[in-house]
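> Chain order of the listed sequences is B and Z. First residue of the first sequence? That's 869 in our numbering, and the numbers climb one at a time after it. First residue of the second sequence? That's 869 in our numbering, and the numbers climb one at a time after it.
Treat the hints as calculated values from the structure; they're not laboratory data. Wrong hints could be hidden among the right ones.
No copy labels: a pair is met if it fits in one copy or bridges any two.
To be verified - In silico DSS-like cross-links for lysine-lysine, where the CA-CA straight-line distance does not exceed 30 Å:
{"no.": "1", "residue 1": "Lys1050", "residue 2": "Lys1312"}
{"no.": "2", "residue 1": "Lys1238", "residue 2": "Lys1183"}
{"no.": "3", "residue 1": "Lys889", "residue 2": "Lys1183"}
{"no.": "4", "residue 1": "Lys1009", "residue 2": "Lys1185"}
{"no.": "5", "residue 1": "Lys875", "residue 2": "Lys1090"}
{"no.": "6", "residue 1": "Lys1185", "residue 2": "Lys1011"}
Because the structure is a prediction, the values reported are computed rather than measured.
So you can see what is in the structure, the chains are spelled out below.
2 protein chains.
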Amino acid sequence: MSSTRFKKDKEIIADYETQVKEIRNQLVEQFKCLEQQSESRIQLLQDLQEFFRRKAEIELEYSRSLDKLAERFSSKIRSSREHQQFKKDQHLLSSVNCWYLVLNQTRRESRDHATLSDIYTNNVILRLAQISEDVIRLFKKSKDIGIQMHEELVKVTNELYTVMKTYHMYHTESISAESKLKDAEKQEEKQFSKSGDLNVNLLRHEDRQPRRGFVRKIEKMKEKRQAKYSENKLKCTKARNDYLLNLAATNAVVAKYYIHDVSDMIDCCDMGYHASLARTFRTYLSAEYNLETSRHEGLDIIENAVDNLDSRSDKHKIMDMHNQVFCPPMRFEYLPHMGDEVCQVSAQQPVQTELLMRYHQLQSRLATLKIENEEVRKTLDATMQTLQDMLTVEDFDVSDAFQHSRSTESIKSVASESYMSKLNIAKRRSNQQETEMFYFSKFKEYLNGSNLIIKLQAKHDLLKQTLGEGERAECGTTRPPTLPPKPQKMRKPRPRSMYNHKLFNGNMETFIKRKKECPYSHSGFRSTDPTCCRELYQIHQSIRFAAAGDIPCAGITGGSQRY
Amino acid sequence: MSSTRFKKDKEIIADYETQVKEIRNQLVEQFKCLEQQSESRIQLLQDLQEFFRRKAEIELEYSRSLDKLAERFSSKIRSSREHQQFKKDQHLLSSVNCWYLVLNQTRRESRDHATLSDIYTNNVILRLAQISEDVIRLFKKSKDIGIQMHEELVKVTNELYTVMKTYHMYHTESISAESKLKDAEKQEEKQFSKSGDLNVNLLRHEDRQPRRGFVRKIEKMKEKRQAKYSENKLKCTKARNDYLLNLAATNAVVAKYYIHDVSDMIDCCDMGYHASLARTFRTYLSAEYNLETSRHEGLDIIENAVDNLDSRSDKHKIMDMHNQVFCPPMRFEYLPHMGDEVCQVSAQQPVQTELLMRYHQLQSRLATLKIENEEVRKTLDATMQTLQDMLTVEDFDVSDAFQHSRSTESIKSVASESYMSKLNIAKRRSNQQETEMFYFSKFKEYLNGSNLIIKLQAKHDLLKQTLGEGERAECGTTRPPTLPPKPQKMRKPRPRSMYNHKLFNGNMETFIKRKKECPYSHSGFRSTDPTCCRELYQIHQSIRFAAAGDIPCAGITGGSQRY
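Just chain B, with the same shape it has in the complex:
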């Protein structure tokens, strides 16, 4: 206990110096740490710049590849389009439209990735370079601030050292003064114990001058030493007070430095770093998000076109493009031989009975045939439904392939197994083709039936009309056998101008509608109803008359078609 309490100047100074040295080491290390931090930032920023420089190159390569790809097919389309000038947009098939839009999307992606590359190079990298500059500059400035802080610490610790030394000096002097005072006191005491004997002697001998002078001398010395001691003690107290006050100030400054100033110095170093970095990353994100939005818009356009894939409309476009080929021919007209003036079925006796019999035969035959063919049609419809179900199965979702599990090696298998496994496909396809075969065989059967029905029906209807007329005007309209009949007027062809309308864009739509509405139609497109059929044929005939004219019909396909 006493060894620790009775520390000498040198020990104390050594302790103090150790402590100060420790602090100075920390200060040096703090600068090193700050420098190291700045260096890692510079490194990070360099890495980021290098990363974006290379990514910009990759994006540009990708963009160029996509552009080249799109251009390769686009130029092909352009040249074939020039060749087939007449294929205007109105004739653009829905399937071809999808293909064109996929090419558009590829061009769009190409442009967007080029833009991305441009933003990396001319914006993101520039920002990163500026942040690097800022980091270097701010590190220097912060270090300046740090040096000022450290100087303050050196100053206060030096002051503390000084006042401590002063305290030591005065305390030493105070101790020495005290011991001297104690010495004097001891001497005085000794003198007093002597003078006690002396006093007794004095009373006896009354006058012993030299002894009295000695005592006074000792007292004087004691007083002097007391004064000296008091003076030194006061000096020591003041020095101690100064030491204690400076100690408090030093501790406060050190505490402030470690708790606030060092943090402030780092803040100075950090100034704007995170904000600028955030803005740089946000520029990157903005570019990426915008690329994505643009990509999405393009995909939506394609999706819309895919939704609008329409075989019916494509079929009409094709027929419209080749209207000369699909235009119904003129009716076969009755051509009277060598001025034969009869131009109707004659139902007078003796053929009347025979025709009547034939009519009834046709009627019963037709009834049977229609029932039979209706059965075939039902099978056909069911088969088509099965085929439709096969053909429209929703097997196109590949989202499983984009699940980001930790293991990346399973991606390939996911994509190929669940959607397009060889076994699955083979099964589906053989099933589909089998159904297709059955459909075609049934369709041929149906076709035979309906052809027979349409022929018999035509004859039946003509006979019905004739016999009806015959019954109504048995004697009125039929001429006497020997007299040549009053010549009936040949059906006059309608005036041409009436039919100068669009071919399939005009009446075609109307009769397509009729066909759909026709209750006998199969799959909405086949009819055994002769009334419907005849009516449509009339329309076709009139179109035919228009189309067969040797004057170019400007109205038919917008002026580009010749006949």
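Assemble chain Z onto chain B, guided by the hints.
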């Protein structure tokens, strides 16, 4: 008029044959059209396959480049991480985290584009190849159906030809029988006019046998011819009826073919084409949309990390990592010299008056200094706010660069002009650096002021405490000058075990909070409030004691740190 009406066999047959030939030509052209259509489909499907094959290559190249890019930096990070093992996730700086996530996103994009490439190759292209097969197969089958249809047309037109020829034959015979009958009638008439004269003569001459026999002969011939004519006329009527009935049937079959059958044939050819193509495009779209979703998810993760860029938390992480360097040192303790037992400021007379005076001087000096420094602080805050505004300006939106106008050549200029124009940047940066300079000069001023304040405040507080104590216990606690004071107990260091807690993860947070709440704190981090300061210092001290121990403190940084 008469020339058209009196058409002969050959003319009629020629007309008919022209009409039939026209139809046959159309049928041939229809097959050609169907074939051409199938060929364009095959071509389109080939183009699509070729497109996706090449795009799969491009995607794979892109994927590989991205992977290489990510790997290059990731391996660098791994090696540096091994070197700095102790940098656990808890020490991952928010800025470095963003960088790692950008690398993750690059890897993710790489994987997704590889998946895209895989789906193109193993799904989309396969589908397209199958559709090609289908188109070829269905064209063949539809052509078979078409041939059947055409055969039917040939059959009915041939039949029409036959019945027309029959009608012509019987009509010719009927005409000849009629003319023969007319001849006989003429002869009879001539005979009658002669016999009219004869009858007058007969009445006169009564018997003229040979003349009567001739008349009967003529009558017989006429009857015979009449019978022949009637027979031929019936035959002709039947033939004409047959012709007319067949004409109706033929027209009905032709009409049916042109209106329904040809359309049905095209439908057979189209069967499933649009549906299968749609499914293929939807597979492509599904892949693209999923890629986009994955990309978006990745970007959202980065955006979240950017939102969480936090300089304060990074600073604490750095200080935590280097806690030895930033740990506050031990307080400078009062070290009594040579067993000096006084360890407090002595405020007895004669120093009391002086200390009191000094105390009041400090008080007024502090008041002035604080006001002055508060002014500096206000300027500092305002400057920091200006800097903050500059550093957080929202200049990162690059959506304009992704606007798809028709003209693509303006993209570059948009990206570089509006966001990162050289002039704009230079202006902003010089402005920013000027403000920064001003901030630093003000900060130094503030630092000087606050250092002075903290020192004076420490002395002031110590004096206040001493004088207060002195007033309260003027005679009680102060020892008489000559007697050495009763030794005061040295402040005992607290037991070490108490401070075996985490360093900055524990108390650091608490005092960071306190610092924020400290009303004197500048920017939440600077304080001139000595109470707050002292309190924090106490905590630091205790940490210091723990950290300075020569036994490794397992609790401080999770066991990996040594002292």
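> Does each hint fit the structure? Answer for all of them.
Verification of the hints:
no. : hint              : in the structure
1   : Lys1050 x Lys1312 : neither (144 Å within a copy, 55 Å between copies)
2   : Lys1238 x Lys1183 : within (29 Å within a copy, 91 Å between copies)
3   : Lys889 x Lys1183  : between (95 Å within a copy, 26 Å between copies)
4   : Lys1009 x Lys1185 : between (76 Å within a copy, 22 Å between copies)
5   : Lys875 x Lys1090  : within (29 Å within a copy, 177 Å between copies)
6   : Lys1185 x Lys1011 : between (79 Å within a copy, 20 Å between copies)
Figure legend: structure checked against the earlier numbered hints; the only hint not met is number 1.
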